[in-house]
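Each chain is listed here by its residues.
Number of protein chains: 4
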Amino acid sequence: MTTTSAVDATAPTDAGDDSLEARFEAVRSFSESIVEGLPAEDLVPQSMEDASPLKWHLAHTSWFFETFLLRESLPDYRPLRDEYAYLFNSYYNAVGPQYSRPQRGMITRPTVADVLEYRAHVNQHMARLFDSAMTAELEPVVELGLNHEQQHQELMLTDVKHLFAQNPLLPEFRPGSGAPSGAPAGPLGWAGFEEGVYWVGTDDAPFFFDNEGPRHQVFLRAFELASRPVTNGEYLAFIDDGGYERSNLWLSAAWSQVNAEGWRAPLYWDRRDGEWFQFTLGGEQPLDLDAPVTHVSHYEADAYARWAEVRLPTEFEWEVAATDQPRAGRFADDFRWQPSADDASEGPLRQIYGGVWEWTSSAYLPYPGFYASDDAIGEYNGKFMSNQMVLRGGSVATPSAGHIRPTYRNFFPPDARWQFSGIRLARDA
Amino acid sequence: MTTTSAVDATAPTDAGDDSLEARFEAVRSFSESIVEGLPAEDLVPQSMEDASPLKWHLAHTSWFFETFLLRESLPDYRPLRDEYAYLFNSYYNAVGPQYSRPQRGMITRPTVADVLEYRAHVNQHMARLFDSAMTAELEPVVELGLNHEQQHQELMLTDVKHLFAQNPLLPEFRPGSGAPSGAPAGPLGWAGFEEGVYWVGTDDAPFFFDNEGPRHQVFLRAFELASRPVTNGEYLAFIDDGGYERSNLWLSAAWSQVNAEGWRAPLYWDRRDGEWFQFTLGGEQPLDLDAPVTHVSHYEADAYARWAEVRLPTEFEWEVAATDQPRAGRFADDFRWQPSADDASEGPLRQIYGGVWEWTSSAYLPYPGFYASDDAIGEYNGKFMSNQMVLRGGSVATPSAGHIRPTYRNFFPPDARWQFSGIRLARDA
Amino acid sequence: MTTTSAVDATAPTDAGDDSLEARFEAVRSFSESIVEGLPAEDLVPQSMEDASPLKWHLAHTSWFFETFLLRESLPDYRPLRDEYAYLFNSYYNAVGPQYSRPQRGMITRPTVADVLEYRAHVNQHMARLFDSAMTAELEPVVELGLNHEQQHQELMLTDVKHLFAQNPLLPEFRPGSGAPSGAPAGPLGWAGFEEGVYWVGTDDAPFFFDNEGPRHQVFLRAFELASRPVTNGEYLAFIDDGGYERSNLWLSAAWSQVNAEGWRAPLYWDRRDGEWFQFTLGGEQPLDLDAPVTHVSHYEADAYARWAEVRLPTEFEWEVAATDQPRAGRFADDFRWQPSADDASEGPLRQIYGGVWEWTSSAYLPYPGFYASDDAIGEYNGKFMSNQMVLRGGSVATPSAGHIRPTYRNFFPPDARWQFSGIRLARDA
Amino acid sequence: MTTTSAVDATAPTDAGDDSLEARFEAVRSFSESIVEGLPAEDLVPQSMEDASPLKWHLAHTSWFFETFLLRESLPDYRPLRDEYAYLFNSYYNAVGPQYSRPQRGMITRPTVADVLEYRAHVNQHMARLFDSAMTAELEPVVELGLNHEQQHQELMLTDVKHLFAQNPLLPEFRPGSGAPSGAPAGPLGWAGFEEGVYWVGTDDAPFFFDNEGPRHQVFLRAFELASRPVTNGEYLAFIDDGGYERSNLWLSAAWSQVNAEGWRAPLYWDRRDGEWFQFTLGGEQPLDLDAPVTHVSHYEADAYARWAEVRLPTEFEWEVAATDQPRAGRFADDFRWQPSADDASEGPLRQIYGGVWEWTSSAYLPYPGFYASDDAIGEYNGKFMSNQMVLRGGSVATPSAGHIRPTYRNFFPPDARWQFSGIRLARDA
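The listed protein sequences correspond, in order, to chains A, B, C and D. Note that our numbering has the first sequence beginning at 10, numbered continuously upward. Note that our numbering has the second sequence beginning at 10, numbered continuously upward. Note that our numbering has the third sequence beginning at 10, numbered continuously upward. Note that our numbering has the fourth sequence beginning at 10, numbered continuously upward.
This is chain A alone, in the form it adopts within the complex (with noise of 0.2 Å):
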């Protein structure tokens, strides 16, 4: 992993301190905000093994903390628990055995105010570690904490949706936080990009993830990118044209998938009595024809572009094109999280940030020159290599403008839905 503190990283918050402690200090009170005024009830359940409960995403973004800069640097720290280490470790094996992924509905206690008591904890450990211990070498894994932190809300934004959506009652996460908007989509243009030897990833972003890098040159063609994303509408045309009952549409692992799991529409989607509904984490709404499609799979959107007889883009003519746009679009900070027609982006290329995050046709492979780090932190990205493809752009659930980069680089199973994941489509110029 490869970080640099930076001046002008961007805050969660638009407060005028930018300072890392002030930073810290926003990102760790916005996973707060996400929770506040809910029941316990809503923390502890584990819809599927994909997805966390959200007190577990608490505990864990706090035991980040804990484990890499606190043990590792603060002298006379002392764990509030232990037994925290074992519970909380996700995925380091360096760190050592985890718990169970399956298993984490199962934990009843800590109670959800035991783990805010760790959050707390940790904050203040890390309050005195900012105080008398930083350096620039811990800094850049401060940096790696929060943005790490980051990305758990949005997975606690997503992971709640799931669950909430297994309730027949479907209750509503947050009250008026997936109203339709009732905004035109407007229609569907193209921008144009030429043949060339491109440089893209970042080795020197203010903050950037280990796989975004090296930076490096890619030989593209010449391709048109679309002007937003695909419709709620759109998709629905392909869905009554047949689109899932026409085996020619589709990969072959897509079409098994589609058969044994019964895909007929988009995750989340109910039609009753002629009327298609979605569920949101404001309950359910009618479903909103002029916004981006969403909960869709890669297999899905590779067969909706193919009905289209155009294509997805590759990861680098997304990147390529995208580079240059404002990073306007709704996300996260916004609490309206459900994608529309009617957020802040303009120009070529609306919503190509936030909304929803967009499938490309490139497999999550690493970057020539790359190599993950011996120590922990080189798990973060680099294992997952294999079996996934890449996402770009952000959505209405990541966490903030400062957080996405175009370089930046999202990645997914085809198969997963429960992510706000849509289609922007790409053709050969």
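Watch out, some of these pointers could steer you wrong.
[Unchecked claim] Heads up, incomplete: computed chain C residues facing chain B, CB under 8 Å, no partners named: (1) ALA188; (2) ALA262; (3) SER265; (4) ALA269; (5) ALA372; (6) ASP437.
[Said to hold, decoys possible] Sample of chain B residues with no beta-carbon within 12 Å of chain C, all distances over it, derived: (7) PHE39; (8) GLU41; (9) PRO177; (10) ARG255; (11) ASN257; (12) ALA381; (13) ASP383.
None of these hints come from the bench; they were simulated from the model. Every residue, glycine too, gets a C-beta built ideally from N, C-alpha and C.
Following the hints, put chains B, C and D in place on chain A, whose structure we already have.
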């Protein structure tokens, strides 16, 4: 289901007032006493498909009164929430469809407070029913509902024990409820019974489940029954003699299970540094060698008996022997939820009631002349008469001495271990 | 295992010479007659874990004689190939480890010719044993080996039927062996039996398996037994009346199975263009409405009986009724391997032997006083006394009238359908 | 699918006549030569879902010619049996439904003789087609059919090897075909290549699969490629250094697989009494330390490279390096079906063709501008572009030097081990 409302049915408390309404209040409040003072988190998760969350038990037992009494027989009854009819139906197909059983741990709303409100709502309207609309036809249904709730009280204890055992912190559910007694088990003797034709089952107990009748005759050869259950110490001798490694001691299906699951001791036993511990509802405790062995499957009980060169009793041998014994022993009301040798039972068949359920060699099958009734309540017992074995006598988690009878038939699959199930040996005379 | 070599045991042929050696030759050659003329391909695959390849049956039955007689009792015996001891051991842990059961279809070598050579080798040395080393102690083991081989002859037919049914070409295993007879079933009557204490089981039949004893007394209430099995036509009425869609007719485990497997008719039935067909060892045939229904599970037999408002008999009711009936009916030697109404049975309980195995309501459990012997042969029956139901009477695939007895207990799990299992009803008097 | 019928395409034999018809005859007869002299039993079973029976391969390759040529283009063609259209369709949804893939080992009829008759029938009518109805449009389809059959010839060898390995007798498929050579591997060197933009893929090879094009440019950094594959001896050093026990060497999905499957060595390796053996198509053999390691997954190749502190090449690095190398090395026609150091390859990149397929670090994805055709033949390659990794160069089981090309892309999931897959290392310059 055939029941009779009965004047002399024993109440779950020793209060003087044993009216049906008084017993209703006592049974209902005992359910709440089990969860009193617990954090909400403890009531949410489901640790396996066979177990249910505490919150679900609290709601389902209320659903029973609502469905079979209030909705049908109380004029103007308005349910607190219509969706509960679906959400808290366990398995009554005649009533309607049911929420998926293995998903019961996903329901965070209604919260614990909501469920307690639901209980209060049902109780309040039951009071109305007692005051205004109780009839001789309804009283047996109330009786059934109370016995049903008592069965769920036992499951609350066994299910939460299984849940807590998943937590590597091994939390205490009720401090003090699992401490070893130090009392000696005493020597094992044998009580003899003559060959003959005996009457078994009941048609006229103050209350009984439909599966306990019709009363009928069976032919029994002369037999002997052990004077007390097998102890942990005796079971340890079986383990130390290679009991879990010798295929010839096991039924074929049992041997597959032993190897597939890696069984090497009863559930909840753990050996560290040469010493044995046992997880209890009062946290982990040193193994009490004189206490009755518990959390063994039928497969293990059968293998132990074969190793001991004797056998398990049939359910009829057990019943003939137990009929005249006093219903002493330890029950749930004692709040000491781990079997031990120091209970109040005496006589030639110590601890035959309470302590541990005793596996018999009898498959759970209908008695001659048994036919389940055609209505929903007919689903209570009859449809489970497949692939299960009968247990007799009650346990430390059985809610009260009044709930148990000589003719009471409990049943679980032969590989089940999370109940307080133990072993009483028999042999041919 | 207790057996007695018996003068009057009936041979699988009607030859005059019923010496043990003559019967050995007859039984052994009948196994080979089943596969005579088949292409080698038919003898190789295994269609499910419960079934075995024909080739394996031919080898394993020889392994039995080699293991329990030749290796132990014939001086200078040299096995044809040492590895067969491992490869063809079915489940005798006392003999040694076994090749993985679900992998039996992977063994292409030894070839069919090799296995026939193995059979010849064993036969030739068995002849030496008969000539030179036969003793009163060995004769019962030979008897057991013959009855064992007869049981495998039945499995050869049922296993290969299951295999052939996987082939969409629905090939004929033995042309002509499954043709419908057109004979009428006749009306269903009832034979009555008195309440009383009866003796059941045997200790002294010419030959019997250990699970048929000890002979002991049971108390039976008065009952009636149907005069013939349920027919396909009667079962069709159950189907047409929504039998497979009505949860209240089924045991809970049965209802899960019905829905998980999509059962809507007996195994091997197929409906096309409004007409029912049935796959037989003679290829697909129109459904014979008068023939006994077969390839139904215990679950289906039980549901049918509940629908018909009667019940299944216990195994003891069946035995008491059947004891004095003639052992007519159709058996495997007839080479007509599909039940029909036109067999030779007569009297008040037609087809009580042969035709179809009749499911009873009795779980397969040890008789009072039963203990399996400690040696390998003790594994023959006892260790399977778990989660199985008893069937009585033999079927069209049972190898000969001499193999069946009133006390003979067959057993299969309640969901098994690939045996020739059918239904005879009972009711309370 | 784009193909061109080509004058200079090399035939699987060195016969002078390289007409399309001559090559048709040569390829078809090579399939039969693989099974020549085998007992029918060997051709029936299927050892896992990914593998198919030999008999199925023989039939399916004939089905291909029947379906895409004879049925469509030969007037008056009559299929031998209509059901084969369904039975031997592998995965072409556009052609129609398919017999269940995991059930291919259940088909005993048609027999081997029937399938050989089917092959003769197809061959005979293909001869008619060559004589009377061949056109420039059909020739590429014939070419595709031949290359398709050659691919299945490789699968015949790898599938039957997997099948035979299930048999504890470890039979020899072809005696002598797996003997170790004793030839030395020689030291490992490195060949260097410059940074630059390179052309890769093909649009105009005499024959090529659709996935090899369009030809396009890629930017490569300077790199070096190993002069020969990794040997068994070198891989043993990785094992002995704890390679399979060190989580930090493995991708996360790989580490799960290693532990779930208990991998401790390549597939088919066995260690007894301190010595290593390897199962081959010529039976079990001592491990040849100088031979290229084979039957390793992508996961193992990747972990080995990380252990060796280098990496795997991308498919484009491999292609750039291999383009000018001679297509020497050992292929299936040699009937020596185990890699060894003694083949005919020479130069700076020994054994780059033949011997073992070489895992690359590239995911199997479409080239820029690739679109699968809309017809059934479009299903050939494109729909598998998900969750697979590219292998290059051919193996000892690849049917002939003429079948392989620098641009040839083989692909398997990263956990596949039953192909002759090995490792060639790369590193940054």
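Results of checking the hints against the structure:
no.	hint	verdict
1	ALA188	violated (36 Å)
2	ALA262	holds (5 Å)
3	SER265	violated (10 Å)
4	ALA269	violated (14 Å)
5	ALA372	holds (3 Å)
6	ASP437	holds (6 Å)
7	PHE39	holds (28 Å)
8	GLU41	holds (30 Å)
9	PRO177	holds (33 Å)
10	ARG255	violated (9 Å)
11	ASN257	violated (6 Å)
12	ALA381	violated (9 Å)
13	ASP383	violated (7 Å)
In summary, the numbered hints that this structure violates are 1, 3, 4, 10, 11, 12 and 13.
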